[in-house]
Amino acid sequence: MKLSRRTFLKLSGMTVTAAALTGLGFKVKSAAAAPLRTASAKETTTICPYCGVGCGIICHAEGGKIINCEGDPDHPINLGSLCSKGSALSQVANNDLRLRRVKYRAPGSDRWEEKTWDWAVSEIANRIKKTRDESFVTTDAGGALVNRTEGLACLGGASLDNEECYLYSKFVRGLGVVYLDHQARI
Amino acid sequence: MTNHWVDLKNTDCALIMGSNAAENHPMSFKWLLQARDTRGAKILNVDPRFTRTSQVSDLYAPIRPGTDIVFLGGMVNYALENNLYFREYVAEYTNGSFIISSQYGFSDGLFAGYDEVKRAYDKTKWAYELDGKGVPRRDKTLSHPRCAFQLLKKHYERYDADTVSRITGCPKDKFLDIAAAFCATGAKNKTGTILYAMGTTQHTVGTQNVRAFSVLQMLLGNIGRPGGGINALRGESNVQGSTDAALLYHLLPGYLAVPTSDTPALAGWLDKITPKTNDADSVNYWKNTPKFAVSLLKAWYGDAATAGNEFGFCWLPKPQAGKNYSHISMFEDMYAGKLKGLILLGQNPAVAGPNAGKERKALAKLDWMVAVDLWETDTSVFWKAPGVDPKDISTEVFLLPAAASVEKEGSISNSGRWMQWRYAAAPPPGEARTDAAVLDLILTKLKSLYAGSTDPKDQGLLNLTWNYGSGHEPDPHLVAKEINGYDLSTGKMLANFTKLLDNGTTSCGNWLYSGSYTEDGNMAARRDPSDPSSLGLFPKWSWCWPVNRRIIYNRCSCDPSGQPWDPDRAPFRYDASTQAWVSYDVPDFVATVPPQKSAASPFIMRVEGVACMFGNTLNEGPFPEHYEPYESPLTNVMSGQQINPVVQFWGEADNARGTPEQFPYIATTYRVTEHWQAGAMTRNLPWLAELMPEVFVELSPQLAQEKGISNGDTVKLVSARGEIDVKACVTPRFQPFQIDGKTYHVVGMPWHFGFNGYVTGGPSKDKSYAANQLTAHIGDGNTTIPEYKVFLCDVRKVT
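In the order they appear, the protein sequences are chains A and B. Note that the numbering used here has the first sequence beginning at 1, numbered continuously upward. Note that the numbering used here has the second sequence beginning at 187, numbered continuously upward.
Quick caveat, the hints were computed from the structure, so don't treat them as lab data.
Taking lysine-lysine pairs in the BS3-like style, the calculated list, with each CA pair at most 30 Å apart, reads:
id : chain 1 : residue 1 : chain 2 : residue 2
1  : B       : Lys-551   : B       : Lys-633
2  : B       : Lys-783   : B       : Lys-339
3  : B       : Lys-524   : A       : Lys-129
4  : B       : Lys-547   : A       : Lys-129
5  : B       : Lys-339   : B       : Lys-319
6  : B       : Lys-577   : B       : Lys-953
7  : A       : Lys-130   : B       : Lys-570
8  : B       : Lys-547   : A       : Lys-130
9  : A       : Lys-10    : B       : Lys-216
10 : B       : Lys-326   : B       : Lys-309
11 : B       : Lys-633   : B       : Lys-678
12 : B       : Lys-577   : A       : Lys-130
13 : B       : Lys-633   : A       : Lys-130
14 : A       : Lys-115   : B       : Lys-524
15 : A       : Lys-115   : B       : Lys-631
16 : B       : Lys-462   : B       : Lys-685
17 : B       : Lys-570   : A       : Lys-115
18 : B       : Lys-509   : B       : Lys-311
19 : B       : Lys-643   : A       : Lys-129
Keep in mind the model is a prediction, meaning the values are calculated, not measured.
Please model the complete structure; the sequences and the hints are all you need to start from.
And the structure:
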């Protein structure tokens, strides 16, 4: 039977545990090893969000919370290995410092205020519209049709998904923005 | 990368230069060490500092920061002088045989055609000499005095080993050992790979640094071959994808040159950017540019894009021709008060930007800022950074909570161009949303604010297609399909970019990705680990661009008759009896014509059809030439041109240029395994913060003794732009350079740290530990990538 690396590792892991315990003189009632804490968890595959290698990672989640991240043994590039950053991925998901609410800082203020999405989206869209309209240049000094806004700039983002990058690229051009750059250039 | 990660196992010799791969792309060493174990591959490393990579390499050579072209020029000269280059490859697959115009010349650091006032070249002086049919004349014997190969020889004669040693500070024997080891891969059945990263690119001559790699690899016949290639180790998980999607002012998705004020009409733009050739042998695949461009417009403007309105071309914003809108320019214009609003989708310039102090001042000139991020980044709280009184900053800041990679579904593209699909493991915390949802929410609101507008300036926005399912969470599958492209007459996904047309009947968000999500399904989600060739190609694992071609320029893996240069590593072989190719990879050539014909155009994306040893489209000149960094303690001995003659200068305000008298030491910046880029994704994680909690500056025992500094002392590192208090790490990993009888010290520090987060890099909440407070607004002559890797500083003991 053709085994994936991951299945092979799982099976051999369980066998070794039981045999080792018996060999050491413990009376093991059943031959099966104790179930892994991740046994009933939902498994998904992901790709590491750090460098450009693109290592495969398996996440285990239970009750909507990630309980484990480990290297994907089946991934041809990393074969289950991870560097210290990828190994720490679960701490990106489970972290008190993760932003959970919309925040706003008023002019001259020394603090954040929590706001709702509805409020923020409306305020932001109105500011984009104002800045766009006030700085829009339809034709340049030579009379060429340029249709650009010169007061708005956009940065980001090399860790966005391809689909998000595409939407952002489209969104930015849709607004008429020309100041556009991100990590790729710096 | 021209090749990909697992391919590293196929190499005979890896040159790691401008990269600390063992530290920052650790998985590369899984495959390099396998190459060493199974085929005796040598691992070579060239770096100003003895790094974790140096430790596991077979040979290490030190190099003064900013002298890569000297070292590489020396290797080119070595290969030529010792007859180690792959002559047949050069003659057949490169423009080494092309005869160059008699107007070409080079003298005292300048090529023909330089305009001192404009700081630019008239590149027509570097044109090819054409025959009566308008095709470049060639001499495949490579002996014509004006053929590119002979001009190359003449140019690099000046980079003899003694000169290399003198300028780089690398001991001559160490340079020669590296040159001998790597140039041995010029043998027909040997391949060498070059791994590089920011140590190569982040210089005022960064582009030419990379060009020097390609010239060397062309000379040695290493491109398009297993275990060969020019392999950029990209730094972010999807910087490849974000580059392909053109989140850059000068491009549209798929590397289409952005239309500017010079080309306000579609026809004129397409004419300008579509390469043309009279050479019937050259495939010149970019001739299909109109198909890519019109299909993109159809994707963006849908039914509103018609033949009658130039497919909505007028709605695309046109940057002003000749104006630079890149990062440095953006922050200079922001500093001058010209920019009112800034949107950041996961970027932290308060730490990562060059001259970070000036950039933080620039942010204060904005009316408003929107930051979408997982964390409260240093940038998002620039208004309460150390030394700043919030009362003085009137910028409004909106900080929107974003979903992490494991909380959403979509794809990312690694350095090897593999587009890999990934899944959500758990929902985002609290009210955090995906970046896609944020864009959807804002655009939906904008469209309603502009609804009913008849103002021509608003029509592009109103006509922008945006149909990704119900609700505000765009379905990534629908987006991926739009990127792949549709046949608009049938509504079916296109098989690949060969199906694109320029008549408005096809749509495609990015021609390079066409073929990634077809009627056969989501190719990026494939997980078949089969590898029939054993070369590590994994043709059914994920999908790579273009059209799943794993090694690009792969025609060069065989001779003109179709026989592999090395039968043991042969992704292709032409079988004369069946008149067909035996292929393990997707051919990067026309496989349906005789091999001699496809051998005439092994580089289908170059208008020449061959690789360009002589690179006449770059701003500094057709051959890489050494110039000193913007800030350097040494005078250029190669010529009278001290710095890159085409580099653009930026405002001196808060951007002074330091002199060696004030700042006698050479400084550089770099990364550590435990942290990543501007630090928010790692300094906020307890495990990683514990491993690497503080910033440090590495300096040699010799410099430490000179200044009375002991290991662990706090010192002040100062440049013409700023200063930083940092712990000294006294180490022999840095050794002073002896050049022309004087000693030059180099110091370096990681740049991940800042002033906000779980750890900031030091003990004080009132200090910023961002190394980029020291760097300058100065960039490369082609791309304006900042020169982070070399600048001048002083090291002062803090009593």
